[in-house]
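Chemist: Hey, can you work out the whole structure from these sequences and the hints?
Per my numbering, numbering through the sequence shown is continuous, rising by one, with the last residue being 899.
Mixed in with the good hints, there may be bad ones.
[Unchecked claim] Cross-link-like lysine-lysine pairs, in silico, BS3-like; alpha carbons within 27 Å at most:
hint, residue 1, residue 2
1, 673, 733
2, 804, 790
3, 794, 871
4, 871, 793
5, 790, 733
6, 673, 871
[Said to hold, decoys possible] Between beta-carbon pairs, the in silico distance windows are:
hint, residue 1, residue 2, range
7, 686, 648, 24 to 32 Å
8, 881, 683, 27 to 35 Å
9, 831, 853, 29 to 37 Å
Since the hints were derived computationally from the structure, they do not count as laboratory data.
Heads up, the beta-carbon is just placed ideally off N, CA and C, and yes, glycines get one too.
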Amino acid sequence: MKPRVISLVVFTGLAGMAVAPRWPSIPIGLIVISCICVGAGAAGAINMWYDRDIDAIMKRTSVRPVPDGRVQASSALIYAIILSVISVIVLWLATNALAAGILAFSIFFYGVVYTMWLKRNTPQNIVIGGAAGAFPPMIGWAATMDSLDVLPVTMFAIVFLWTPPHFWSLALYACKDYKKAGIPMLPVIKGPRYTRQQIVFYTIILTAVSLVPSFVGQCGWFYTASAVILDVGFLYFTVKVLRDRQDEKGFSQTADKPARLAFRYSLAYLFLLFCGLLIDRVLLA
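Modeler: Right, here's the structure in full:
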């Protein structure tokens with residue numbers, strides 16, 4: 615279920631629920647978070663089942679339970695399907711059809727559209743596939759409000775635009791693994807220099823979108839200040855990535871240290887940005 619991966623996904627779902635004008639009861643809130651967690655884990659299990667062949671080739675993923683042989687592929691698929699169905703049905707019964715529908719679509723998008731189609735066929739896999747991990751804020755809000763608004767859609771856009779610089783930073787220093795497995799990640803197809811340029815490009819767009827809640831009056835000074843500080847930090851690390859030295863073959867001469875730092879910062883960025891949103895909306899309202 616990739617618990618380390620889905621922890622941030624679950625947190626963004628919690629943030630989407632917490633910033634809604636109307637809060638659910640504690641039992642319903644726990645059910646919503648549990649369903650997002652189980653649904654995201656189910657999507658991760660589908661991914662692990664389908665990618666078991668390339669996971670076995672890549673050093674970073676070879677120790678996962680399915681390629682490592684600790685879990686049978688058929689068992690992983692059955693497990694994933696059962697979890698998917700349970701998470702969607704329970705969320706529907708506990709809240710509403712809108713939230714359950716978005717959860718079902720997010721599982722399908724990650725497990726089928728991204729994993730089975732995009733990942734192995736286009737270097738834009740992360741850009742389009744990033745939508746899968748961006749749905750939880752909308753699920754959390756919809757579970758509470760039975761509708762959507764500007765803020766949850768903006769939160770979706772923030773996670774969506776955050777995904778390319780986050781994963782491409784990882785892809786830069788895991789490029790050899792992806793190339794060995796035949797995955798058309800951007801640095802494999804277009805080269806590290808182009809990838810670095812795209813990382814900065816998406817970070818600039820992300821910076822603009824992260825300030826939308828402030829411009830439309832959905833957030834106050836605390837979120838605005840947090841976003842500006844975090845955006846400046848993200849831009850700093852991605853510019854460092856861009857300036858990383860290249861040789862004539864396009865490979866870094868500095869062991870991609872800037873890319874590793876940018877990847878780590880991106881994790882902190884999203885967590886702290888949504889923390890700033892929570893503090894602004896919940897504690898300073």
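Chemist: Compare the structure with each hint and give your call.
Modeler: Checked hints:
no. : hint                    : result
1   : 673 <-> 733             : holds (18 Å)
2   : 804 <-> 790             : holds (14 Å)
3   : 794 <-> 871             : holds (21 Å)
4   : 871 <-> 793             : holds (20 Å)
5   : 790 <-> 733             : holds (16 Å)
6   : 673 <-> 871             : holds (19 Å)
7   : 686 <-> 648: 24 to 32 Å : holds (26 Å)
8   : 881 <-> 683: 27 to 35 Å : holds (30 Å)
9   : 831 <-> 853: 29 to 37 Å : holds (31 Å)
Checked against the numbered hints given earlier, this structure breaks none of them.
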